[in-house]
Structures are given as C-alpha cells and as structure tokens.
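*Asks:* Here are the chains, one letter per residue:
Number of protein chains: 2
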Amino acid sequence: MKAEIIAIGTELLMGETQDTNSSWIGSRFPEIGLEPQWVTLVGDDLTRLTDIVDRAWRRSDVVLTIGGLGPTLDDLTRDAIAKMFGEEITTDPDLAAWLEESFSRRGMSPMPQQNLRQAGMIPSAITVPNPLGTAPSWWIERDGKILATMPGPPREMMNMWTTEMAPRLKARIPGQAIMSRMFKTIGLSEAAVDEMVGEVYDMDGVELGVYAKPDGIYVRAIAKADTEPAALSTLMAAEEKIRGALGEYIWGTDEEEPPVRVGELLKARNYKLAVMESCTGGMIGSAITDVAGSSDYFVGGAITYTVAAKIAAGVDGSIIEKFGVYSKETAAAMAVAACKTYGADCGVGITGIASNADEKAPDGTEIKGGTVFIGVAHPTGVVVEQYRFPSRRALVRNRAVTAALLQLAQAIK
Amino acid sequence: MKAEIIAIGTELLMGETQDTNSSWIGSRFPEIGLEPQWVTLVGDDLTRLTDIVDRAWRRSDVVLTIGGLGPTLDDLTRDAIAKMFGEEITTDPDLAAWLEESFSRRGMSPMPQQNLRQAGMIPSAITVPNPLGTAPSWWIERDGKILATMPGPPREMMNMWTTEMAPRLKARIPGQAIMSRMFKTIGLSEAAVDEMVGEVYDMDGVELGVYAKPDGIYVRAIAKADTEPAALSTLMAAEEKIRGALGEYIWGTDEEEPPVRVGELLKARNYKLAVMESCTGGMIGSAITDVAGSSDYFVGGAITYTVAAKIAAGVDGSIIEKFGVYSKETAAAMAVAACKTYGADCGVGITGIASNADEKAPDGTEIKGGTVFIGVAHPTGVVVEQYRFPSRRALVRNRAVTAALLQLAQAIK
Chain A
1 MKAEIIAIGT ELLMGETQDT NSSWIGSRFP EIGLEPQWVT LVGDDLTRLT DIVDRAWRRS
61 DVVLTIGGLG PTLDDLTRDA IAKMFGEEIT TDPDLAAWLE ESFSRRGMSP MPQQNLRQAG
121 MIPSAITVPN PLGTAPSWWI ERDGKILATM PGPPREMMNM WTTEMAPRLK ARIPGQAIMS
181 RMFKTIGLSE AAVDEMVGEV YDMDGVELGV YAKPDGIYVR AIAKADTEPA ALSTLMAAEE
241 KIRGALGEYI WGTDEEEPPV RVGELLKARN YKLAVMESCT GGMIGSAITD VAGSSDYFVG
301 GAITYTVAAK IAAGVDGSII EKFGVYSKET AAAMAVAACK TYGADCGVGI TGIASNADEK
361 APDGTEIKGG TVFIGVAHPT GVVVEQYRFP SRRALVRNRA VTAALLQLAQ AIK
Chain B
1 MKAEIIAIGT ELLMGETQDT NSSWIGSRFP EIGLEPQWVT LVGDDLTRLT DIVDRAWRRS
61 DVVLTIGGLG PTLDDLTRDA IAKMFGEEIT TDPDLAAWLE ESFSRRGMSP MPQQNLRQAG
121 MIPSAITVPN PLGTAPSWWI ERDGKILATM PGPPREMMNM WTTEMAPRLK ARIPGQAIMS
181 RMFKTIGLSE AAVDEMVGEV YDMDGVELGV YAKPDGIYVR AIAKADTEPA ALSTLMAAEE
241 KIRGALGEYI WGTDEEEPPV RVGELLKARN YKLAVMESCT GGMIGSAITD VAGSSDYFVG
301 GAITYTVAAK IAAGVDGSII EKFGVYSKET AAAMAVAACK TYGADCGVGI TGIASNADEK
361 APDGTEIKGG TVFIGVAHPT GVVVEQYRFP SRRALVRNRA VTAALLQLAQ AIK
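For the protein sequence lines, the chains are A and B, in the order given.
Take the first sequence: its letters are residues 1 to 413, numbered as in the numbering used here.
Take the second sequence: its letters are residues 1 to 413, numbered as in the numbering used here.
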C-alpha cells in the first residue's frame with residue numbers, strides 16, 4: 001500500500017530543527033507492508049497545509065501527519081484536516097476531561113484554556129491516546145484509506161508508532177505478511193557486502209538492501225508471503241544464506257548496539273572495564289558512558305595522544321620504541337596497562353592513524369592511513385587485531401569505536 | 001521570493017539515509033532573501049519526480065533539486081526536468097570532454113560509457129561546474145523563475161551552494177539587502193533567552209529566531225533593508241541590543257565552534273592541554289581530537305569514572321573525601337592533576353551528575369541532578385565554575401562539553 005508522510009512545522013523548513021521523524025518511520029514502513037512514496041515538510045500555514053493534506057489523501061492509501069498538534073494557534077494540523085474533509089471541530093468532552101486530569105496530575109491545574117484545542121475532534125476521526133504527552137492523535141478510516149496524526153516530539157512519536165500506529169496499520173494491510181531483519185557488519189566495504197550477498201537478491205519473496213552507516217555496513221532482508229509462517233520461513237532461508245555469505249563479519253542484528261551489548265556482558269560477568277585511547281581520543285569512553293548505569297562496570301581510563309601520555313598511563317616505553325606507536329604490540333601493551341593502572345578486569349587499547357596520511361614503522365615498513373590496532377585484555381589473555389578503515393577521519397574513528405567494542409564483546413563472551 | 005527544495009533518492013524515503021541537505025540549505029535561505037515554502041523527498045521514480053518538479057515550478061519562484069545527478073539509470077533528475085519542459089537531452093561536447101579529462105586525471109581512463117549521462121544538457125539550461133564531483137549542475141532561468149540542480153553528497157552540495165548557488169541567487173533577488181548573524185549562548189534556558197531579547201523583536205526590519213541546540217541556545221538576527229549599508233546598520237543596531245541583553249552568555253557567533261577555537265588559542269600560545277573527565281566520559285577528548293591537527297596541542301588525559309580512577313590519575317584522595325566527588329574543589333584538583341600527570345600547561349577537570357538524580361554532598365547538602373563542576377588550570381591559576389544543565393543525560397553531557405571548552409577558552413585568552 002502506498003503511504004506518505006507530512007511533517008509539519010516552520011522550524012523544519014527553516015532548518016532550525018532537523019526532521020528525523022520521517023526517516024525513522026520511513027525505515028519501518030516495509031516491515032508492515034507500506035511503500036513510502038512521498039515525504040513533505042510544510043510550515044505552519046493553513047493554506048499550504050490543507051493543500052498537501054488534500055493532495056496526499058487523493059494520491060496515497062495511508063497518510064501520516066507528524067507535528068502541529070500542540071495547543072497554540074500555529075498548531076494547525078487538526079484545522080487543515082477538518083477543512084479538507086469539510087467537517088467542523090468540536091470539543092470532545094472525554095478528551096477535555098482527560099486533559100484536565102493530566103494537567104492536575106502534574107500539579108498544573110487549572111489547565112490553560114488554550115489547551116482545549118487539543119480536545120478538538122471531527123466526526124470522521126476517533127482518538128488514539130498519547131500517554132507521553134497532551135496531544136492525542138486522530139485516526140480516520142474512510143473510502144478504504146487511512147489518515148492518522150502523530151505528535152511531533154520524537155519520544156512521543158516513536159512510542160505512538162510502536163504501540164498504536166504500527167499494529168493498527170499492520171492489521172489493516174491485506175493479504176500479505178512481512179517480516180524483516182537487519183544484519184550489521186563491520187570490516188567490509190559496501191561493494192564487497194553487496195557482491196557477497198548477491199545470491200540472496202535472486203530469492204523469491206525477498207527484498208534486500210545494503211546501506212553504509214557510520215558504524216559499518218548494514219544488510220536488510222525483507223520477506224513477503226501470504227501468511228506469517230510462510231514469511232518467517234522465507235526470512236529464515238534468507239538469513240541462512242546471508243550468514244553463510246558474511247559469516248563472522250556480522251556482529252549483530254536489528255536494534256543491537258555495541259555499547260549496550262558490552263555493558264550487558266560486563267555486568268553478567270561482574271567485570272570492570274578500563275580503556276586507553278589514542279586515535280579515538282575519548283570516543284570509546286564517551287560511547288560507553290552514554291549508557292545510563294555504565295558506572296556499574298566502567299572505571300575509566302586514559303586518553304593518550306602522545307607517547308609521553310602513554311608512558312604516564314603505564315605503558316612500557318621500550319615496547320613503543322621497538323615496535324612503533326602504531327603496532328599490535330603497543331595496542332596490546334595499552335590494553336594491559338589500562339587494566340593495571342585503573343584496577344580493571346578488562347582493558348581496551350587503541351592506536352592508529354585516523355587521517356589518510358601514511359606513516360613509517362620503526363622497521364621501515366609503511367603503515368597506511370586508516371590503519372588501526374586494537375588490543376583487548378581480559379582475565380585469561382590478550383587479543384589484538386589490525387584493521388584498515390576507509391580513510392576519512394570521522395569514518396575511521398567511528399568504525400574503530402565499533403570494532404573495539406565488538407572485539408571486546410567477542411573476547412569476554 | 002518563494003523557494004522550495006526537492007530532495008531526490010529512494011534511500012531518503014526509506015530512511016536509509018537521513019536527508020540533512022534540505023535542512024542545511026533551508027537554514028541559509030533567509031540570508032539571501034528566500035522564503036522556504038516546501039521540502040519534498042521523492043524516490044527515484046520518473047513519474048513522481050516529474051510530477052513534483054512540475055508542481056514546484058508552477059507554485060514557487062525558486063526550485064532547487066538535490067541529488068539524482070549520478071551516472072546510473074536510476075538517477076532521473078535530468079530526465080524529469082527535460083520531460084517537464086518538453087525538451088530533449090543531448091550530450092554536451094564540452095561537458096563530455098571535461099568528464100573524460102577528470103576521469104583520466106584520476107587514473108580511471110577510459111571513462112565508463114554510462115558516465116556520459118552526466119554530460120547531458122537541455123536547451124534551457126546552462127552548466128554550473130562542480131569541482132568536487134562528476135555531477136555538474138543545471139541552472140535554468142525562465143519566465144522570471146529559477147530552477148537549479150545540486151549534487152546529493154553533502155560535501156559537494158555545500159561547496160556548490162556556497163561558491164555558486166547562493167551568490168547567483170542573491171544577485172537575482174530584487175530590491176532587498178539581507179544580512180544575518182547567529183549568536184550562540186550557553187547557561188540560559190530557551191524561554192529566558194526569548195524574554196531577554198524581547199525588545200529586539202519590536203525593531204523595524206529585524207527578524208529574530210531563538211533555537212535550542214545541543215550545545216546551547218542560539219539567537220539569529222536577520223536584518224532586511226533596501227541597500228546593503230542600511231541592512232548592515234540595522235543588523236549592528238540589533239547586535240548591540242542583543243549583546244546588551246545577553247552579555248557574557250554569548251560565547252560565539254555564526255560558524256564558530258568551541259573545539260576549533262580552543263585549538264587556535266592553544267596553538268597561538270604554544271600551550272599543551274590535558275583533560276580529566278568524569279561525567280563526560282571522554283566526550284571532551286573526543287570533541288578536541290575531532291579537529292585534524294589536534295595532536296599539536298592535545299596530549300591526552302584521563303577518564304575517571306570512579307574515585308579510585310581519579311586517585312590513580314593523580315588527584316589527592318583527601319580532597320575528594322573532604323569536599324565530595326561533586327564539588328568545586330574536586331573539579332579544580334582534577335584540572336591541576338591533569339596538567340601534572342600528563343605534563344601539560346592547561347588542564348580541564350569535570351565532575352558532575354549527568355542524570356536527574358539528586359545526590360548528597362559530604363556536608364549533607366543536596367546536589368541536584370544536572371549539576372556539573374568544571375575546573376580549568378592554566379599557567380597562572382585555576383578557575384572553577386558550577387553549572388546546572390537541563391536534566392536529560394544527553395543534554396547535560398553535551399552542554400557540559402561546550403561549557404568546559406568555553407571556560408577553557410576564556411581562561412587562556
């Protein structure tokens with residue numbers, strides 16, 4: 001079924017707020033059998049807003065609006081939809097009571113009169129509750145088509161999609177079961193992944209997509225069939241081929257995130273972690289501490305941007321001198337020193353060249369830009385690996401963080 | 001003049017690539033007197049693409065397309081425009097020669113035949129060169145309107161906008177000079193900034209916008225007048241009022257970025273920097289080393305997520321015990337220890353509560369969630385400040401990084 005998104009707000013057009021909602025929802029359309037056709041960003045302007053709602057209703061099967069549901073006079077989504085259908089907005093007493101109550105629960109009673117706008121309804125619409133905000137959604141089914149409004153704040157929108165919109169839409173999309181899975185890889189180029197999974201492209205009922213993301217290359221398989229068991233069996237057949245082709249390069253699926261996974265593994269084993277970062281300059285620590293509760297397993301570490309800093313943090317200077325700062329030996333020594341200096345069970349040491357400039361090792365061999373050495377020390381040993389990432393500073397650093405976290409997860413598993 | 005953007009590519013609709021181009025350009029429209037009216041994302045589909053190009057051409061004064069200029073068969077922007085104008089695409093011999101030459105310069109001769117698509121032209125269009133890629137742009141002026149194509153890769157698009165499109169458009173927008181300036185603040189809420197600059201809202205010929213960004217609150221002033229000197233004088237009057245109202249809360253303007261600024265200041269004074277990070281967990285190091293060439297002034301530091309790690313990195317444990325881990329004294333001690341341990345001239349120490357949980361200090365006083373202490377040690381002293389940031393983990397951490405870098409810049413200036 002053809003679906004389109006209308007994202008509403010002058011701040012989106014002016015580039016003051018980046019619209020990330022449309023992209024988030026668009027990526028979830030295929031899972032429920034919707035084909036994304038258009039995304040339109042429009043300002044808080046009744047004429048233009050009504051124009052696009054009308055056009056969307058005529059050309060698509062499913063129309064989702066995002067934003068413009070607030071209480072102020074420039075929140076015009078409800079007005080535009082009412083105008084388009086030629087219906088009048090009246091205050092819904094149940095909604096009004098619910099709004100009053102949620103204001104009073106938050107100690108904000110009496111509710112500002114203006115908020116009554118959010119209790120407005122038209123005859124064609126039913127209410128979908130929004131437990132995270134004061135903007136309930138409208139759900140309209142007419143002439144075999146669906147129009148639904150969603151709140152603009154991403155947290156509210158995501159919750160609304162997951163708990164209400166996706167299940168409702170899925171239940172109404174006829175005659176097709178769709179299942180999908182994302183496979184996340186590291187260490188291969190987009191072209192290489194594309195070639196290696198070539199065979200899967202030809203499978204009946206399977207759609208494949210290959211995407212370059214900051215933390216590696218992703219492959220999405222979507223299986224379509226008449227029934228859920230049939231779709232699942234197709235997806236499993238595709239997964240077998242994809243895993244056969246990509247093997248160890250796959251590090252995770254779907255929503256898995258390396259910092260969260262590393263945290264779970266460390267907590268389960270009651271291990272403490274320390275890091276020693278050179279080329280990533282603190283990014284690994286930053287990624288790990290981005291997870292709330294990381295102080296349960298993360299003790300800290302060192303950012304060692306010079307040889308002197310590495311030695312100050314406990315690395316044996318003679319190793320650096322002998323093997324060079326960009327070497328497996330130095331990475332391993334950094335990982336071990338991180339454990340010792342900071343009293344941790346596991347350590348990550350990372351050293352490499354984030355730029356695309358080549359460097360010379362002490363033995364005269366050339367080390368290419370984008371080469372990164374990652375050492376992981378754990379209670380029963382040290383694992384060290386050499387990587388070569390695409391040589392643009394930001395990409396090298398991002399991929400190195402993912403690789404380090406995955407190598408750590410592998411080592412403690 | 002009314003302007004709209006069409007961003008082209010199925011990957012944008014599917015959420016595989018986040019469209020950041022439209023937002024980037026949209027934020028630059030007001031500077032040259034364009035009013036953003038619509039942004040449409042559309043897939044690589046000739047029918048839908050032609051439909052939106054046609055609609056845009058009829059309803060707007062300026063239409064910018066982004067993307068779909070590559071050499072493959074699903075790059076359809078040229079085809080859609082040609083179809084809309086009813087013109088035929090022919091190979092432009094000059095463009096073809098330029099393409100051949102740029103392939104040969106990169107050692108990729110002979111050029112794949114398919115790339116000749118990028119040398120296609122229609123009678124209504126002239127070429128705008130794209131020195132960073134193989135996709136030249138079209139520029140079409142007809143019936144008092146303008147349509148231009150731009151390449152999709154952000155680096156190429158930004159260069160094309162800055163060097164070609166913005167000056168060309170500005171020269172054609174009649175009778176109005178527009179100048180703008182962005183003021184970047186930290187330490188105030190959006191509502192507080194809005195109130196403090198209230199007087200400026202009423203100034204003739206000035207438009208004001210207040211925006212919450214991850215690193216603080218921004219204020220944009222746009223001055224419009226008949227001539228450039230008049231616009232400049234209006235902008236300067238607005239700037240005086242804004243600076244009068246916001247004073248020390250303003251830390252920079254326009255494209256200024258704290259990590260770059262700190263780097264310049266450190267380099268000019270030949271100072272070395274070390275950090276000791278608790279609640280930011282490596283983010284300051286990460287931000288500093290994001291700048292190429294940061295190894296000239298950054299030596300490294302410690303991520304100290306526990307008391308033991310702080311002591312291991314050189315902080316006097318009795319200070320932490322006496323004043324508490326969240327205190328000005330500990331932040332100052334961390335900054336000083338960072339200098340000593342890593343042999344730097346300047347040090348940043350940062351400790352605080354990234355979550356919204358309140359904590360107790362050793363003397364029993366309550367420390368609120370979002371409270372952060374930042375110490376800066378420099379050759380002639382130590383400055384330490386206490387901040388309170390809006391208490392959502394990601395926001396607290398981002399604001400704390402900006403505050404720390406600004407405090408450092410202030411101290412060494």
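Derived by calculation from the structure, the hints in this document are not laboratory data.
Accuracy of the hints is not assured; some may be wrong.
Where chains are identical, the list cannot tell them apart; a pair therefore holds if satisfied intra-copy or between any two copies.
Claimed, not checked - Dumping the calculated SDA-like pairs for lysine to any residue here, alpha-carbon to alpha-carbon at most 25 Å:
1) Lys413 / Pro390
2) Lys170 / Thr10
3) Lys145 / Thr47
4) Lys368 / Pro129
5) Lys322 / Ala357
6) Lys213 / Thr134
7) Lys213 / Pro154
8) Lys360 / Glu195
9) Lys368 / Thr17
10) Lys170 / Val291
11) Lys322 / Asp296
12) Lys267 / Arg392
13) Lys360 / Met236
14) Lys241 / Ser180
15) Lys213 / Asn159
16) Lys224 / Glu359
17) Lys170 / Glu11
18) Lys224 / Thr10
19) Lys213 / Leu395
20) Lys213 / Met179
21) Lys145 / Asp51
22) Lys170 / Leu132
23) Lys213 / Pro71
24) Lys213 / Ser318
25) Lys360 / Leu265
26) Lys241 / Ala166
27) Lys328 / Thr134
28) Lys368 / Asp296
29) Lys360 / Val291
*Asks:* Kindly indicate which numbered hints from before are broken by the structure, ordering the numbers from low to high.
*Replies:* 1, 4, 8, 9, 10, 13, 16, 24, 25, 26, 27
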